[in-house]
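Given these sequences and hints, build the entire structure.
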Amino acid sequence: MCKQHGGVYAPCGSSRRTISEEITVQDELSHTGKQIYYSYTCSEFTRHRAAVAATEVALNVPETKVTALDNGLRVASEDSGLATCTVGLWIDAGSRYENERNNGTAHFLEHMAFKGTKKRSQLDLELEIENMGAHLNAYTSREQTVYYAKAFSKDLPRAVEILADIIQNSTLGEAEIERERGVILREMQEVETNLQEVVFDYLHATAYQETALGRTILGPAENIKTINRADLVEYITTHYKGPRIVLAAAGGVSHNELIDLAKYHFGKLPARYKGEAPALPACGFTGSEIRVRDDKMPLAHIAIAVEAVGWSHPDTIPLMVANTLIGNWDRSFGGGVNLSSKLAQMACQGNLCHSFQSFNTCYTDTGLWGLYTVCEPSTINEMMHFTQLEWMSLCTSVTESEVARAKNLLKTNMLLHLDGSTPICEDIGRQMLCYSRRIPLHELEARIDVNANTIKEVCTKYIFNKAPAIAAVGMYPFTQRSLGDMLTVNTQTGSLMSRVV
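In this text, residue positions in the sequence shown follow this note's numbering: the first is 11, and each later residue adds one.
There's no promise every hint is true.
Using 35 Å as the maximum straight-line C-alpha spacing, the simulated DSBU-like pairs for lysine-lysine come out as follows [as the list claims (entries may be wrong)]: (1) 235 x 128; (2) 273 x 164; (3) 75 x 164; (4) 284 x 273; (5) 129 x 278; (6) 75 x 273; (7) 352 x 466; (8) 125 x 75; (9) 352 x 306; (10) 235 x 164; (11) 352 x 125; (12) 273 x 125; (13) 164 x 278.
Derived by calculation from the structure, the hints in this document are not laboratory data.
And the structure:
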């Protein structure tokens, strides 16, 4: 059951309003020729103004135009009239589509994309990009592979041609493969020094154990040492099909021009599979824990998560609001009792941790909702205790005022994220793969406008009485049994599997 508050946390204030909070502000609006007056408290007035401003911005966003080619490839763009643009390929193929034998192939292929094509050597490609003043990048996630270029708007045709050349005509030479093999192995060593990435890889490994989402994006070192050209070609042949690719662009782009470029450069991409199309591997969640103890490390790095939902699930938005309610905090923030997040107030006043951040990671049909924290070994118990309390408050006692603040913060963060052609292009490409359309900002804003009862219902569904997945790395003094006890939110009926490394 939920424990009572301990001595570390003191309420930040009473429910009685101060004189300044009692002052009302009149907001004058013009509606059908009449002057209408509304009265607000100061806090209500601020929230109202923030909501109105966010809505006005959402309604003024340029339209996202979408066109599908005959082979199923989708072209999506937003023209904002800038002098620069970002254009890229979002491909529905990542490490989730790999098996135990070829895990790491998608990431390896990303590395090989810039090592030369049938038309351009690696040096020619690099010089052409530099002479354009452009930037060419790529990344691989568990469900997507992305190649994109940022360039002047006038160079859009060249950027699209280069992207087409990269994914259709890469030479995948044996010498380049051997060279990149060493690069990736060194990259793996660098990743191992990033403890947050290490912990999240462990979290996926234990939450989705023995499934595709439980494997890392880079793959094990044994696979990297054995992946060959045939593996790379097979991955391209299997997954790079028209219906699984989105050509997205943002900035100073003409949609009609982009359609013509797509037809010319990608029109020959195959639309169908010779055999059966690869299915999305099922990935079941397991409430479990994995701990890697290292007494040489001064701090403990812990991630705890419950199973959430996929991108298109109706509960995704309420969970995003709940994620914002928990928030994040770092010692460098300061703030004390003025922090909006209750957990941040507790962490600051009680010196519970060095930092924490809530997260909501979505995939096609599942997700992870939880918290990552870095803390002293002596404060782990208290940090986990107060995390439990705040998670339980989402299920039972979150207020309309808290939800309103979180909604406005989520809307603001959403708009701030879409600052520039690259994040907008990223948003278009991702949403086209996840939703098969780009959700207009005003529609997204309307979906965010949930109330406290909705938050309670959704959080009860996914948090209350659910066994979480836990990953911990570093020094900690607790016993194997107490870890599961501390990090389980009323899981009297849940089972918790444990592994210690």
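- Query: Hints broken by the structure, by number, lowest first?
  - Reply: 10 and 11
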